[in-house]
Structures are given as structure tokens and as C-alpha cells.
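Participant: If you count by the UniProt record's numbering, then the sequence shown holds residues 1 to 887, one letter each, in order.
Careful, some of the hints might be misleading.
[Unchecked claim] Restricting the straight-line Cα-Cα distance to at most 30 Å, the calculated cross-link-like pairs of lysine-lysine (DSSO-like) are:
(1) LYS402 - LYS481
(2) LYS395 - LYS357
(3) LYS357 - LYS529
(4) LYS372 - LYS481
(5) LYS357 - LYS372
(6) LYS490 - LYS529
(7) LYS489 - LYS651
(8) LYS651 - LYS402
(9) LYS490 - LYS395
(10) LYS489 - LYS357
(11) LYS489 - LYS529
What the hints contain is simulated information worked out from the structure, not anything from laboratory work.
Computed from a prediction, not measured in an experiment: that's the story for all the values here.
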Amino acid sequence: MRLSPLLAAMIAATASIGVSKPSRGQTIQSLPDAPQQNSSDLKTPEPAVLDAIASGGNQRQSLMGGTPKTALPPQDRTGSRSWGEPPRPRYLAASLPETIAVQAKPRTALVLHSSQTQVAVPTKTVEQSVPTTLSVKNSSPTQVAVPTKPTKLVVPVDASPTQVAVPTKPTKLVVPVNSTAAELPSQTPKPPQLSPDSIEGIAQVKPPNGIEKPSQLPEPTQLEPPSTQPPLSIDSIEGMAQLTPPNGIDQLSQLPEPTQLEPPSTEPPSDSSEVRVLVAEVLITGAPPQLEEEIYRVIKTRPGRATTRSQLQEDVNAIFATGFFSSVDVQPEDTPLGVRISFIVRANPVLRQVAVKTEPPGEGQRIVNQEKINEIFSEQYGSILNLRDLQEGIKQLNDWYKEEGYDLAQVIDAEQVTPDGTVTLVVAEGVIEAVKVRFLDEDGNPIVDENGNPLPSMTDQEEPVGGNTRPFIITREVELKSGSVFNRKKAQRDLQRVFGLGIFDDVRFSFEPGTDPRQVVIVVDVIEKSSGSIAAGAGLSSASGFFGTVSYQQQNLGGNNQTLGGEFQLGTRELLFDLSFTDPWIAGDPFRTSYTINAFRRRSISLVFNGGSGENNIKVPNDDDDGDRPRIVRTGGGVTFRRPLSEDVFKRAEWTASLGLKYQHVAIEDSDGDVRPESTDGELLSFSDSGEDDLTTVQLGAVRDLRNSTTQPTNGSLLRLGMEQSIPIGSGSILMNRLRGSYSFYIPVEFTNFTEGPQALAFNIQGGTILGDLPPYEAFIIGGSNSVRGFAEGDLASGRSYLQATAEYRFPIFSVIGGALFVDAGTDLGSAGSVPGEPGEQRDLPGTGLGYGLGVRVQSPLGPIRVDFGLNTEGDSRLHFGIGEKF
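Produce the complete structure using the sequences and hints provided.
Facilitator: This is how it looks when you write it as C-alpha cells:
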């Protein structure tokens, strides 16, 4: 991966070493006057050694490109700052250790030249302990005089560790203004193989004979490998700043990049060593005043101490590690007193703005706005760009992506800084290339073909392979689409919707690489369950007598998630049936519209005429003198459409609307199947005189659901509104309008502590009325398990209008067992007399009543199994059973 220079500099900052703060008062000393001494005794830095330092001391980080640039040319010292005192008058370094042994492994020969620099040297006599003899093993000592011009030194290939012999006492030297040229060997030996890349063989101080404890040179700072921790996961670092040779040098082996640095070996010193030179002065050029102190604080190169190429590399890394600089160059110059080291730096611009560019680019893929970016980086605006602070801001931005669910999104690059101080971050958001489907076996493994190869995943346009469900049935439930950004929270909701189809045992997500490496393919892995069932049984009912039943259910008809159900009941008198077909989402509809078609023939005892208690029931005549209870036989069918009223089909809609059309042929019959339009008292039980009515109605409904759960709500509310308008066609020409409404709300409480679980106060109020024609069997009934408990079914009231209210306290007892305390109240609002035939008054129903009691709830796969015991105001009690909460 090729990285931009800004990001590479940030990585270098995190990989650079830490350095200690120098004591500036201990590294610069003014030398006292000393007696005159022969110029041949003066030791000056060897030019080849100086050039070796120069070759390793120049480094620059380019913010505009990824390739290293050459060092800056020598600059005017005006405006530059020296370590310690001002650069004039010059100062000489403090005393060196008596003996320095340098070891180096044989490497490629290296011959370098120093810069051409004229240096003014004070004429006063000074006293200084400096090396006077350069001793090389297997070669004779060479006397070196201070030259007025730089010279070239070639080191033999077979040179052994170099020793610099220093007298135990300072030697008084006189530095002449004009000295002769250095005397070089007549023959140029073959140079040794020196490695600029090596960080091993750090020079160590060895005591001369007779010296028990030599002065120690400062230990080199250990280099640590760069961090590979987030926010950026990077395999390689390109464009890092390189040390470059001074002008005139064509080629130089480069130091390793910061990511390639390794801690120094703990093994004993080898036979090789880096070249060391004495530092006379340290200058900083190009740094703003507020940043000069920061540079002096982090570098370890000091006047009066020896330095090496590795030490300069460490200083360059340390300066970069401050995060304030885009380039760092090192320029060494020889002086009669040692080497002048100049750090030429370029500070980053002032940060004005941070922008974000998505990768791959595309409209609608930007998931973070500029306000959030400014919130993260606002504290850095108006200050010199610091790469460490910028990287901390990038980490915060990556953390924000994770908190928002964008687990695949991360900052992968930082582009160049514009002249106006704008940094552009490149973010790989985790764009989805495609959504596919794959079927798994019941063990969760991919289904294979006859050759043992896994079956391929399928797009929504393909036919199913290895399963029954068509892929588009699954992918249309997934909000994550091609071109969108992966979001963990959306993915969780998608899994819940797919699992909620009811046709899978397990649903999970997996990922495949896309054809574009910057994108990802989401694979929805599903395990299908058996979706069809058939059952048979027999029973006895008061409405049909003995009967046998056969039922069939298919929840995934044709792989389209369509439901087909049918139940047939064959009794001693007639055949009853109930057929239905449901499509939960009409194909191609963008609003998730569903529809249900049903056809039926049902037979039941009407609670309007016959209550659960069996007292004062209305009867129809038959061959038995005692009469018979009337049966209501309804034959017909209808269709109902439902649609969530939401622009986003993947979000839970507050409102759901429904529209339906139903036709019923209603007949009043006795147990033998004969039509009986009147009761034994002569009251008409149907709207028409024939005992058979045709009832065609149009139904409108709306539901607003704000509950936190559909099975065990503890918070929120539920509002239901409905209207049913009949069309006066067929027998009876009935024209009526039924209105009904219900409102429930829930309050979470903590009144008991039997066990952990949800507790809530639940309230419900509902009512309704019928306008226009009213067939007696369509009247409202009150009383029973879903009405006022404590009363039998339909034994409280039967009227044209009604009003009912309930209050419950629901609480857990232990495990799957819960309890409830309840109070129910209901009234027909005095409308019993407006029902044709006045069935409520004939049965002597109270019309208004109150019930109260307690109940037990047992959680089951079908929902809560409800058992309630209620008492009523009439002094009676009743045990009620049901599935699901009352509301």
C-alpha cells in the first residue's frame, strides 16, 4: 500500500524513540587561555569521518509527495540558533575520554568529502585535552596537522578496531590562524566496509593502560519498533524521510526506514564500529521560536561530545516524533574545533481545517458530517499542525465510526497539507458491493454438490440453489444494499427481520471479498426449517356435535414466504371450512403492502342470544318442546390489505392502515340445520323475515403502535381505530355503520422483587357504537375472559353501544411464571333496548358491572398462557383461560 507523506510522517512520529532532556550548561564550555604549542600537535576531525557523518545526517519528509528530497544547500547562519551561547566567539568542546576504541564490521567501501567551509578561529592560547595520534592496527601512526582546507582520508579495508590515544593529562595546544595541510599516507589503502544501515556495534569507551575507570560516553538511546496498533492498520510505510549526502556526493547507502529499526543487540560488541567525531557546535535553522526549545529538548547530539551516524538518525527521528515538522535536514561542517552540526527543519503549517474524502468515492456514502469532524479537531485548529495530535484525532474519528456501528470504516490515509492549512483524511467506509444468499445444512455448514464443492452464493435475481426460498425474499428484508456502507446496528435489525419471516431456524451474516478490494460482499447464510404441516383430529361441540377435522399449513408456499392454510371440519350435520392465503409483501411493492384472502363457512352459538352461564337463554323452536339454542351460520369470504404508513419500510412504522371487503351470508339455524328466523317468544332473530341475511361490508382500520414489545409490553401505548360500513345489497338490504376504538398504555414499575423480570401497570379503555340498521346478532357483547372478568361470556350486557375499562399490575414470580392483579368494568350505556328483539333485556342482563381478581401467566412458544380468577359485583366468580394478554 502506498501511503501519503503526511500519514507516513505520522507513523514515523509514533515509531520514533524517546529522548531525555539535555543539560545545556554541561555541554558547552569556554576554554581558558593556554601556552603556545606546535601546530603539529593539534588534532582536527578527519574529513572522511566528517563526510561519513554528513552522509547520514540529512533527512527531509516531503508533504507533497512520497519520495525523499536532497538536503538543503548551506544556508546563511543569520537567524539560526546555536546550542548554548551565541555562535561567536567560538567555543571548544570539553575534554574527551582518554581512549576511544571503535570497531566496525567490514562492509562496502565508503569514501566521502566534507563541505568546503571557512572557519575563523580565535588566536588565543587554549588548553584542551584532544587526541594527538590516530592509531590503526597493522599500520603505523600518522601525524595529522590542522589544514586550512578539507582533505580526504581513506581507511584500509583490513583495519582493526581504531584506538585514539589521549594523554591522561590535558596537553597545552596553540591553535594557529594559518596551518599547513595535513600529511597523508603516500599510498591509499583499500577502504573498510562500513554499513550506514547497521545500528549495532555502538562505540564503547575503553580505558587505557593504567586507567581504572574511564569516563563513559553517553549510551545510545534504544530504538523501538514502530507501533502497529490502531487507529491505522498498515503493512508498509513508504516515503519516509531519508538521510541524504551533502552536495557533491552522488550516491550513499541509506539508513533503514523507521519501521525497519530494531532494538540494539544485547550481545557483546562485535569487531565493527561506527565512525565517531567530536561535535563543536549545534545549530537549529528554520524552526519558529516556540519550537526551538522543543528540538533542543529531544535531540541527544551535544557540543563537546562524540556523535555517530546512528545518533544523528535518532535525533532526526526524535525531531520528527515531536510531530511539528515536515522535513528535517542535517548538515555537518568541519571547524578547527570539531564538527558543527546544523539541523535545518521545516515546520508544518498552521492547521485550519480537517476534511474527509471517502474511498471509494461515491454519492451518498459520506456518513460523517463536517460538524462532527470539527468537533473532534477543533482544539487543533489555529495551531501548528502536530502529527501526533492529528493521529489522536484520527483515533477519535475511528472510535466514533465504531460507536455508530460502522465497524468496517477507518481512516486509511492522510493526503498532503494544502497551503491554506487543510488536511484531507481518506476514509475507507466499508462499502457493500453486493448482498447474496447462501443455504446451510442443519449443522450450519455450506451445502455441497455431488462433487463435494460448496454451492455458490446467490444474488436476488437468481433462482434458489440448495434451498427452497427465493433469494429476493431474503434480500428485500435487508436494509444493507449494494453501494451502502456496512453498519453493525442495521445488520442486527436485518437479521431480526429475516428471522422474523418464520421460515428459518438460523440466520447469520458472513463476508466475502468483492471484485473491488475496497468493497465487501455480504452473504446472508440461512438454515431453512420445515414450513409445511398437516394434522387431523376429532371432537365434540355444542354447535356441530361430533366432528372430525383435517388441517393443513404451508408458511413458505413456492419459496415466496406466502402462507396457505386450510381447515376442514366434517360433522354429523354439515361440512365447515376455513381457508386463507396471505402474502406478507406484494412482490415489487415499495411500501411493504400485504394482503389476505379468505373463504369460510362457520357455525357457532351466538353470545347475543346464549350466554356462557346458560341462564335465561333465547331459544328457537324445534321438535323438542324445550326448544333449541339458535346457531349462527356464516358463509362468505373477503380480502384485506394492510400497509405500514412509513417512508422507510425497514423501520418500524408507528401507523398501519388496513382496507378490507367482506361478504357474509348469515343464517339462523337450529341443531338440525333448519332455518329459524324467530325465537320461541316470537322475537325476530335476523334482520330479514326469512332468517337469512346478506351482509356486505367495507372495513377501514388504523393502528398506532408505540409499545416496546408486542408480547410483554412494559412501556408505550397502542391505539386501534376501526370503521365498518355495510352496503345494502342482497337479503335484508342492511345499511349500518360500526365504529370502534381502543387505547392501551403501559407504565414500568418496580413494586415487587420476587425475581428479576419486567413489571408494569397496564391500562385499557375501549368503546364502540353502531349507527343505522342493526341485525341482533351484530350487537356488542360484554363479559368474559376478554371483556369483564368475573362474568361468563356475554353475561354482563348486550347493546348497540358499550364502554369498557381495565387496569392491571403485571409482575414476575419466578422463571417463566408471572402474576397479575386486575380490575375490569363495563357498561352498555343503556343501549340494550335499542337492539331488535331486545335480547339483553330478555336475558335479564345487568348492563353494567365490575370484576376483579388475580391471575397467573405461563410463558410458552405460543405466547403467555393466561389463567384468571375473577369476582364480580353480582357475587359470582369465574375461572378464565386464554392465550396471550388481554391487551
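Participant: Take the hints in turn and mark each one as holding or not.
Facilitator: Hint by hint, here is what the structure shows:
A distance of roughly 20 Å separates the Cα atoms of LYS402 and LYS481; the hinted pair therefore holds under the 30 Å criterion. Restraint check: the Cα-Cα separation between LYS395 and LYS357 comes to about 16 Å, which is no more than 30 Å; the hinted pair holds. A distance of roughly 45 Å separates the Cα atoms of LYS357 and LYS529; the hinted pair therefore is violated under the 30 Å criterion. Restraint check for LYS372 and LYS481: the C-alpha separation of about 25 Å stays at or below 30 Å, so the hint holds.
Only pairs whose Cα atoms come within 30 Å are accepted, and LYS357 paired with LYS372 is accepted, the gap being roughly 14 Å. With a CA separation close to 25 Å, the supplied pair LYS490 and LYS529 stays within the 30 Å bound. The suggested pairing of LYS489 with LYS651 holds, with an alpha-carbon distance near 12 Å, which does not exceed 30 Å. Restraint check for LYS651 and LYS402: satisfied, since their Cα atoms lie roughly 22 Å apart, inside the 30 Å limit.
With a CA separation close to 23 Å, the supplied pair LYS490 and LYS395 stays within the 30 Å bound. Between LYS489 and LYS357 the CA atoms are separated by roughly 23 Å; this keeps the pair inside 30 Å, and the hint holds. Our distance criterion of 30 Å between C-alpha atoms is met by LYS489 and LYS529, whose separation comes to about 26 Å.
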